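Please work from the sequences and hints to get the whole structure.
Chain order of the listed sequences is A, B and C. For the first sequence, UniProt numbering gives the first residue as 1, with consecutive numbering after it. For the second sequence, UniProt numbering gives the first residue as 1, with consecutive numbering after it. For the third sequence, UniProt numbering gives the first residue as 1, with consecutive numbering after it.
The hints are simulated quantities; they were obtained by calculation from the structure and are not laboratory data. Note that this is a predicted model, so its numbers are computed, not measured. Every clue listed holds true.
DEER-style ranges, computed between Cβ atoms: (1) Val144/A x Ser47/B: 32 to 38 Å; (2) Gly263/A x Leu170/B: 43 to 49 Å; (3) Trp104/C x His260/A: 23 to 29 Å; (4) Val248/A x Arg315/C: 52 to 58 Å.
Which bits of chain B does chain A cover? Going by a derived footprint, with three or more residues having C-beta under 8 Å, they are: (5) 39–47; (6) 167–179; (7) 189–203.
Note that beta-carbon positions come from the ideal geometry of N, C-alpha and C, so glycine has one too.
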Amino acid sequence: MADLAAYRAVLASRIRAQRSYRTSFVLDLASSLLVGFVELAEVWVVFHAVTELGGLDLAAVVLVFGLADLAFSLADLSFGHCDTLPTYLRAGTLDVFYLRPQPLLLQLITSDISLRRLARAVVGAAALGVGLAVNDVAWSLASVALIVLALVSGIATFAAMFVWAAGAQFYLIDGAEATNAFVYGGRYAATQPASVWSRPLVVVFGFFFPMAFTAYLPVVTLLGLPGPEWMPTWLGWCAPVAALWAWVLALLTWRAGVRHYQGGGG
Amino acid sequence: MRTYLRLFVAGFRRQSTYRLAAFGGLVANTAFGLLKVALLFAAVRTSGGELAGYDVAMMSSYIWISQGMLGSVNLTGRTEIADRIRTGDVAVDFLRPLDVHLASVTTEVGRAVFALIPRGIPSVVIGALLVGMAVPEDPWAYPLGAVSLLLGIVVSATTVYLVGVSGFWLLETRGVALLYMVVSGFLAGLFVPIALFPDWLRLVATATPFPAMMMYPVDVLSGRVGGAAAVGLVALQVLWLVLTVAAGQLATRAGRRRLEVQGG
Amino acid sequence: MITPTIGPIIETHDLGRDFRVRDGLRRRTVVAVDRLSIRVEPGEAVGYIGANGAGKSTTIKLLTGILMPTRGTVATCGLRPMADRRRLAREVGVVFGQRTQLWWDLPVRDSLRLLASIHALGRVAERERTDELVERLELAEFLGTPVRQLSLGQRMRAEVAAALLHSPRLVILDEPTIGLDVLSKQRLREFLIAERSRHGTTLLLTTHDMGDVERLCDRILLVDRGSLVYDGTLAGLSRTVGAERVLVVDLAEPTPDLADVPDTRHLGSEAGGMRQRLAFDPESTTAARVLASLSDRAELVDLAVEEPEIEEIVRRIYASRR
Chain A
1 MADLAAYRAV LASRIRAQRS YRTSFVLDLA SSLLVGFVEL AEVWVVFHAV
51 TELGGLDLAA VVLVFGLADL AFSLADLSFG HCDTLPTYLR AGTLDVFYLR
101 PQPLLLQLIT SDISLRRLAR AVVGAAALGV GLAVNDVAWS LASVALIVLA
151 LVSGIATFAA MFVWAAGAQF YLIDGAEATN AFVYGGRYAA TQPASVWSRP
201 LVVVFGFFFP MAFTAYLPVV TLLGLPGPEW MPTWLGWCAP VAALWAWVLA
251 LLTWRAGVRH YQGGGG
Chain B
1 MRTYLRLFVA GFRRQSTYRL AAFGGLVANT AFGLLKVALL FAAVRTSGGE
51 LAGYDVAMMS SYIWISQGML GSVNLTGRTE IADRIRTGDV AVDFLRPLDV
101 HLASVTTEVG RAVFALIPRG IPSVVIGALL VGMAVPEDPW AYPLGAVSLL
151 LGIVVSATTV YLVGVSGFWL LETRGVALLY MVVSGFLAGL FVPIALFPDW
201 LRLVATATPF PAMMMYPVDV LSGRVGGAAA VGLVALQVLW LVLTVAAGQL
251 ATRAGRRRLE VQGG
Chain C
1 MITPTIGPII ETHDLGRDFR VRDGLRRRTV VAVDRLSIRV EPGEAVGYIG
51 ANGAGKSTTI KLLTGILMPT RGTVATCGLR PMADRRRLAR EVGVVFGQRT
101 QLWWDLPVRD SLRLLASIHA LGRVAERERT DELVERLELA EFLGTPVRQL
151 SLGQRMRAEV AAALLHSPRL VILDEPTIGL DVLSKQRLRE FLIAERSRHG
201 TTLLLTTHDM GDVERLCDRI LLVDRGSLVY DGTLAGLSRT VGAERVLVVD
251 LAEPTPDLAD VPDTRHLGSE AGGMRQRLAF DPESTTAARV LASLSDRAEL
301 VDLAVEEPEI EEIVRRIYAS RR
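Structure (structure tokens):
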């Protein structure tokens, strides 16, 4: 409980600090909003040129985009800060974490929070809202449960990706881009219809890093669309299992990374 | 001239020390490339094998050449000159008997040309081996493509320099850099070829220097655009080069005056 | 929570730590710390000195659970640093001269508040300790200033307050006075002396500044290439190398070089021989005897005895081991 108070205190101070630089905060918000729009535009441009792709039409892909992007931005808001680990490693800030009586990973996650990423979540939320309105959703308790389950699991899955990447950073301080391939590549993958993927992509982004479970598979289940042949229609319900797997992977990688730092680094 | 050659080589050298970073970049290039292949190939197939002039092989060339250029074309908006202006170190640069503008661009181009070795060429090779791609039949496309590629890299350096020197007037250039990052990739044709854009958006893109950095070189190198049209694209790149260099020279001089008046 | 109060604060047995480094294409092992056995009792003030790369920082990381030992055992405050890291964090405060544990964009006051909740200090304890540190480190004038706007001396005082806020039993200071001006150094040293006498805090100090060692430490550990080469008092350190003392004499009139005084070495003359410097080994003669021999040869006006510089002693110990 005392620990919880410590995290709250740190986060509250971070929020105050960001709001105190008003102009740059507003500019950050605006550019984050623009990032969200351009990413939506990338999807829209492709679907503008064709009417249907991988079994999804424009309406369905907006729903996939909304679900994936909202989950990603919310995970990014709270866990995206794990990205700074290489900087912390170089500056020796991580050693300071060792001198405080809290778990390292929790200290890293709570060392900052990026409010500007809220603006991106707005784009994701709007796309999700539009997606739910324009698609023919058979509303029921089950469909609401599926959407909530997918969103919560999606946030957890993307959060796990950030933690996984941080764990891997202990090994590749200068090679941050390699993990970006899966974190940000994962975000990009999550907004796509997974039915168009080649087999290696299905293995990597379908199951190992379970990106297809964050939005595409739940949407296919929700709308009752014909999915790819490797997927039974109930697979969309398995998003929590995917999130669990992502966290197992993330925590194992993190632990190995910390051991590597204490044992081999210096 | 010799000084600039040395700056070019120094930019080139410095980059070669980051081997792990280059490897990481290659992993990212390949992963993103394969995702683009999946999406855009599906789009071509759905349209009956041809979409806005792209068949599957041409789309593959577009994807892998553009992925390969990613390490060489500055789409982040971040430059060393921006940092040096913010910290005031640029005052030292003005004391040197060098053109600050030219020196900065040359270093950036050196860095960018080097990145073709660990990131550019392997990306294209990986794409060719994994997916296959179209190659131009006209032998003239190769030298012209090389010129266009180099021009693309230089235009990117001269354009992003303008973002950096805005720091003479703005307290904080991070916002401008972020804006540049968001817009440049999209309008340069990084995610979707510009030919697929709706007409009005294509017009917007053409009115910016961004397609000259990536889309035009890709079109010339892949042979999608050939003959006189290809020469036309290169001429357009030269036009953007002239415009951005002129703007850079003016901004540098004005910035220097501002620095002298304000005393740094 | 019951914390062990008896027994040593630091105890290591044959502690060792290797690093694997890449040397071109080959990998080789570098021994950073080797067979280190030390014991520090509560309340001691120990100077941990040695050249750059002698293994000082590695030792600190081993003591605080940041690095895992390759060999040997280590206990800090009676705890195992790796396994009991979070409990140990409540007992130890570390000041890094080169890195900050404050929040760079927050006022000092906020940083201290955050650390108080990180260490779960009660409201009363927090206020009392903060007030005490603010007063004795003279933080009041910049308590509301963001850390990034502080001068180096101010920042260092704030860092010390941050490290000592939770009243740790062991305070480790890694180059605390690096880059500070004379006055700031002086203030910091006075604070540490007072803190030690008031709370019985144990100090472990790594430094290149021998002034720190002279003023603060009653015991010295000297390391060279990862191994302990001396453990004892500062005075004892100069004895071990048989360091010479220097007698400086001012004479009544210009005198030729006094090169023939027994058991001494003539170091030099100034002012045409009015001032001369003679080195002697305290093991083989005494200052009194040298003076007696001198007064046979010239008329003395004034004299002074110079003690050997610590840097010089350390340099000599290193040289004798190469």
